[in-house]
Amino acid sequence: MITGLDHVVVLTSDIAAASAAYEALFARAPAWRNSGDGADRVLFTLDNTTLELMAPRGDDDAAQRVRSALVTQGEGLASLCFRTSDIARTHRRLERLTLKPEPVAEVESRDETSGATLSWKRTRAATDATRGVRMFFLERAQERPLSVRTTPASITAMDHVVVSTADSERAAALYGARLGLDMALDRSHPEWGRLMFFRCGDLVVEVTHRPGKENKAETDAPDRLRGICWRVTDIDATRARLVAAGVSEIRTGRKPGTRVMTVRNGTCGVPTLLVQPSQGKPD
1 MITGLDHVVV LTSDIAAASA AYEALFARAP AWRNSGDGAD RVLFTLDNTT LELMAPRGDD
61 DAAQRVRSAL VTQGEGLASL CFRTSDIART HRRLERLTLK PEPVAEVESR DETSGATLSW
121 KRTRAATDAT RGVRMFFLER AQERPLSVRT TPASITAMDH VVVSTADSER AAALYGARLG
181 LDMALDRSHP EWGRLMFFRC GDLVVEVTHR PGKENKAETD APDRLRGICW RVTDIDATRA
241 RLVAAGVSEI RTGRKPGTRV MTVRNGTCGV PTLLVQPSQG KPD
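Numbering (full-length UniProt numbering), first residue to last: 1 to 283.
Hints in this document: simulated from the structure, not taken from any laboratory.
Below, a list of computed lysine to any residue pairs in the SDA-like style, where the Cα atoms sit at most 20 Å apart:
1) K100 with A172
2) K255 with V275
3) K121 with T3
4) K255 with H189
5) K255 with L185
6) K255 with W192
7) K100 with R170
8) K100 with R178
9) K255 with E191
10) K121 with S35
11) K100 with P222
12) K255 with F197
13) K121 with A88
14) K121 with R110
15) K121 with Q142
16) K121 with A105
17) K121 with R140
Taking CB as the label site, the calculated pair distances span:
18) M183 with A157: 17 to 25 Å
19) G176 with V243: 34 to 42 Å
20) V243 with P190: 32 to 40 Å
These figures come from a predicted structure and were not determined experimentally.
Think of the CB as a built atom: it goes at the ideal place given N, C-alpha and C, for glycine as much as any other residue.
Start from the sequences and build out the full structure, keeping to the hints where you can.
Here you go:
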């Protein structure tokens with residue numbers, strides 16, 4: 001049903017500042033700019049997925065919904081958008097899984113710079129059925145253009161997106177059994193809790209559950225989108241490029257052979273890590 005993570009949406013109140021911040025982080029130029037349906041959008045398309053920045057525009061109902069979301073959750077990660085090769089089949093499966101999908105809609109977007117157009121078909125699952133995480137599913141008619149690299153030591157791709165949960169068993173059932181993602185790792189530890197990796201194309205949806213005293217109110221709490229980890233090929237060169245932004249010292253990752261660092265600011269409130277996978281080579 002799901003072939004990959006098509007894109008993630010990050011809400012922001014200032015599209016120009018957010019676009020400049022991510023251009024500096026990624027060392028890649030925006031690939032697409034579009035306005036409509038109550039929002040301004042800027043897209044950065046990396047090697048395996050896209051980050052979409054969204055800010056409210058105008059005063060119509062759609063714009064007010066974006067503003068309401070900003071008031072409720074603040075800037076940061078807002079939704080996951082999975083890719084599928086057959087939206088009609090996906091919609092039928094979502095219905096059978098009681099994920100209550102909206103009717104399939106046909107969408108078109110025009111880039112403000114080039115005038116090029118993209119089209120896709122999309123549905124959205126009910127948020128109460130996906131444990132509080134907004135999830136969209138789409139079938140694209142064309143590939144998006146890639147973001148052009150502006151300097152060396154750029155970000156290459158997404159490594160994983162993090163979802164925190166208060167009920168690990170229900171989360172495992174959602175991402176594994178119902179959405180059909182392949183569970184690549186399921187590990188528990190008394191100090192840091194339970195960690196599950198679900199393969200989603202060329203990246204991972206990481207679901208985390210922290211240990212603590214549990215009661216029904218806590219286990220019924222909604223899941224939350226918590227952060228993103230991006231891949232780099234040379235973490236020392238990337239750190240040198242970002243040092244003015246304020247980052248943590250490079251450290252050894254939990255996965256053998258990896259090195260990671262934390263980006264302290266310029267991410268629109270998204271907790272952000274960079275990782276150099278094992279056997280990485282300079283950009």
